[in-house]
Every structure is written in C-alpha cells, then in structure tokens.
Amino acid sequence: MRITQGTFSYLPDFTDEEISAQIAYALDNGWPCSVEFTDDPHPRNSYWEMWGLPMFDLKDPAGVLYEINQCRQAYPDQYIRLNAYDARYGRQTTALSFIVQRPAVEPGFRLDRQETADRQVRYQMHAYALDRPEGDRYTR
Amino acid sequence: MTERLGFGMRPAPNGDAAAEEEPAVATLPPDARIDLARERADSHADEVLDALDRELVGLVPVKTRIRETAALLLIDRVRARFGIDSARPNLHMCFTGSPGTGKTTVAVRLAELLHRLGYLRRGHLVTVTRDDLVGQYVGHTAPKTKEVLKRAMGGVLFIDEAYYLYRAENERDYGQESIEILLQVMENQRDDLVVVLAGYKDRMDSFFASNPGMSSRIAHHIDFPDYTGDELEAIGRLMLAREGYSLAEEAIPVFREYLDRRREQPRFANARSVRNAIERARLRHANRLIATAGEVGLAELTTLTPEDFLASRVFAAP
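Taken in order, these protein sequences are the chains called C and F. Mapping of the first sequence onto my numbering: residues -5 to 134, in sequence order. Mapping of the second sequence onto my numbering: residues 335 to 652, in sequence order.
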C-alpha cells in the first residue's frame, strides 16, 4: 500500500528534475531545506531521523539534491522526505514537505481491534513493516 | 523583550519568488541559419564584457581568455539548437598573479558572465580561504568542505590563496582531505559549479606539482600580469573619478612619480597599493582643508594637490 504523506503525495513519484524545481521554489522563497529519513511509515510518526543539519545559505537546488542522493545511497530502502522551513513566523514552520524516496515494496497496514471493558472496541493501526526490527524493515 | 516574536510574519527575505518558465525550444532543421549577432545580443553577455573592458585597465591576456570562453559558450548554445550534443566544456580555472592584480574582481565578472550565457544557474560568487574548507580535528574537514561546496553550487567557488590547502611539511594535515573532496566534486558535478583557484604564481606552481590531479582537472590557467606605470596611473584616475576627486594639473606628474617610487619599494600590491595611496591622499586633503579653515568651494573639495602626495613617506627616502 502506497503511503501518502506530505505535499504531492497523491501524484506519481517525482523525478530528480521535478524535485529540483520544487527545491528551487523553496530556495527562491528563502526557505532552508532539510532531509529526513525513517523506516517507520506510521502516519503519527512525525519525528523522522535527520540527515545532517538543515541547509542554510544555499542558492541552488544542486546542493540539496546532492544531500538527498547521499541519503539515498546510505538508506536505499527507507522513506526519505524533504522539508522546507519558512522562518518568517519566528518559529519552526514547515512550509513544504514531501517524500523523495520510498521503499520498493510497501506492505501497508492492518487494523487491530481490541475488546476492552463494557464491550468497547479500540482500534489500532499496525504497520506490517514494524513486525521486523528497525533497520531491517524493508530489506529483502 | 518588547516584541512577541512568535506572532506575526517577518518580511520575506527574497521578496516574492518569481516563477520563471523557459519555453521548450524545438530542434532546428539542418538547413536553418542563425544570426549570431542577434544571439549575442539576446544573451546580454556583451554588457558584462564591455564593463570588463571599461572598468579594468590592462590585463589583456585575461580579457582575451574570457572573451574566448564567452564565444565558446555562445557557439555551444547555438550548436545545441541544431541538436548537436557536445560535452559541457570544463571551465575550472586557476588565476595566478601578484597581489592586487584584479583576480577577485575578474572572478565576480566571470560568475556574472557565465550566468548570462546560461552555463551557471545562479551566478553568485562564494569566496573562501583555507579556514573555510579545512577543519580543526578528525572528521571536521569533510562536512565543512561539503557545506562550502553546496553553498557555491550554481555559482563560482573562488578559493583564494589555494596553495595553503596543501601543507607539504605536515603529512597529517587535513588539507589533503579537503583537496580530495574538491577534486571529486569538480569532476562529478561539473554542471553545478565552477571552481577558481587563485594565488601567487610560484606558490601555485609548487602546489600543482604536489597535486597533479588538481592541475589536470583545471583547463584554464590564466596569469595576471603586473601593471605597468601607465596602467597604474589609469587605474588611479579611474578610482579618483569614482570617488568624485580629480588631480590638480601640477599634481599629475607628482602622482606618477609617487607610483614609480612606490613600485620600487617592497610589498607593492599593484592596484591595492594605488587604492591605499588615494585613501591616504584623501586624509591629507581633508586635514589640509580643515587646517586652513577658510571658505571652500566645489573646486577645493574635489581637487587633490601635489602636497597631498608629497607628504607621503614614499618621498622621504632619497
């Protein structure tokens, strides 16, 4: 199941040129970019691992794309996303965030029902990928 | 704190992001003709080249090489319109020359020119020295160098006094690591940035001798000649005109004499020394006007007289 998180998630995956164009848009607006990765696809997992520090003072998308490619090399089978922060609000505000790499196979989620007191039912999203240990979730 | 930072928007740093779309150009048929003059005018490269000619005195070999580069890029662009696929030319350069011969100034113009000709996407200049590239401890150098390279992408990376990167006397120096990363990026990301190394001729030569990989990856070695006396005088006149000063009739030979004497002295830094001489003449000029404490007009305020130069220690020596 293809997970849809962040901007453009309803579109087919971007090519590198399309990613560059989005980065250029962010840089033209003065938004610094950062790269993050994870292998936990749960929608409530908002704190992904940072790939290096956010990149300030860049003028050209090539620098950001370089870091994305470095991250892809290091984690070829994890989710990688690009964030752009708009600092004008005086607090950390994500202006743009989209996925730039996803694993080849995404097994998806199942719904767990838990019966509790008084015949209440609690629901839980369970990602199949999480059945395996961290770092080993999408390798085959 | 009087203002609550958390609320309200700060002004956008870059203003509005302009959306630029270039229309797709279809490949021309083989029998098409292209007007080179128009192509040239469209690129606006001539404005930069003319400014280079106008504002920089002398430097004939440098200007020639820059013009050749501009011509090559223009022709490449026209060839591309016919669908001829040629590899991007390698434009990494090395500027050698004495201090004050205009290496940095030319680099700024070069970045602008390459941007206009479509070789660079942004055309900014990032000036760095050894301190910006080489770290202090193990594992510090690579991120530092990469950071600088990322910042320079889309523009020109100007490494001033590049020979300091390599210290032959200390084989555990981190400079070598920085050079290796530089070489790798210069080779693999030729599309993204142009690297310009600058420094004194003899020291650059020994730098290249100990780093043959660096030398072979740089196609253009440009030597900046020292200025002649006439050129220095012309530079001085240009600087004075830009600051709104002029030389009194009798000050012209004195200024020339000053330059000739200064050239013979140690630590002469070409145009930079001329600039410093003018700065000091301005000080003396202002001091002289204040000391006389009379009425002044436009002529007195803008004219430098011989005594403004004669007071220099350059004239003190026999």
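FYI, nobody ran anything at the bench for these hints, they're computed from the structure. Even glycine gets a Cβ: it sits at the ideal position worked out from N, Cα and C. One or more of the hints may lead you astray.
Calculated cross-link-like contacts (lysine-lysine; reagent style DSS-like; alpha-carbon spacing at most 30 angstroms) [said to hold, decoys possible]:
1) C:53 x F:397
2) F:478 x C:53
3) F:535 x F:397
4) C:53 x F:480
Selected chain F positions facing chain C (in silico; Cβ < 8 angstroms) [unchecked claim]:
5) 456
6) 484
7) 485
8) 487
9) 488
10) 521
11) 549
12) 575
13) 576
14) 580
If any of the earlier hints don't hold here, list their numbers in rising order.
-> 10, 11, 12, 13, 14
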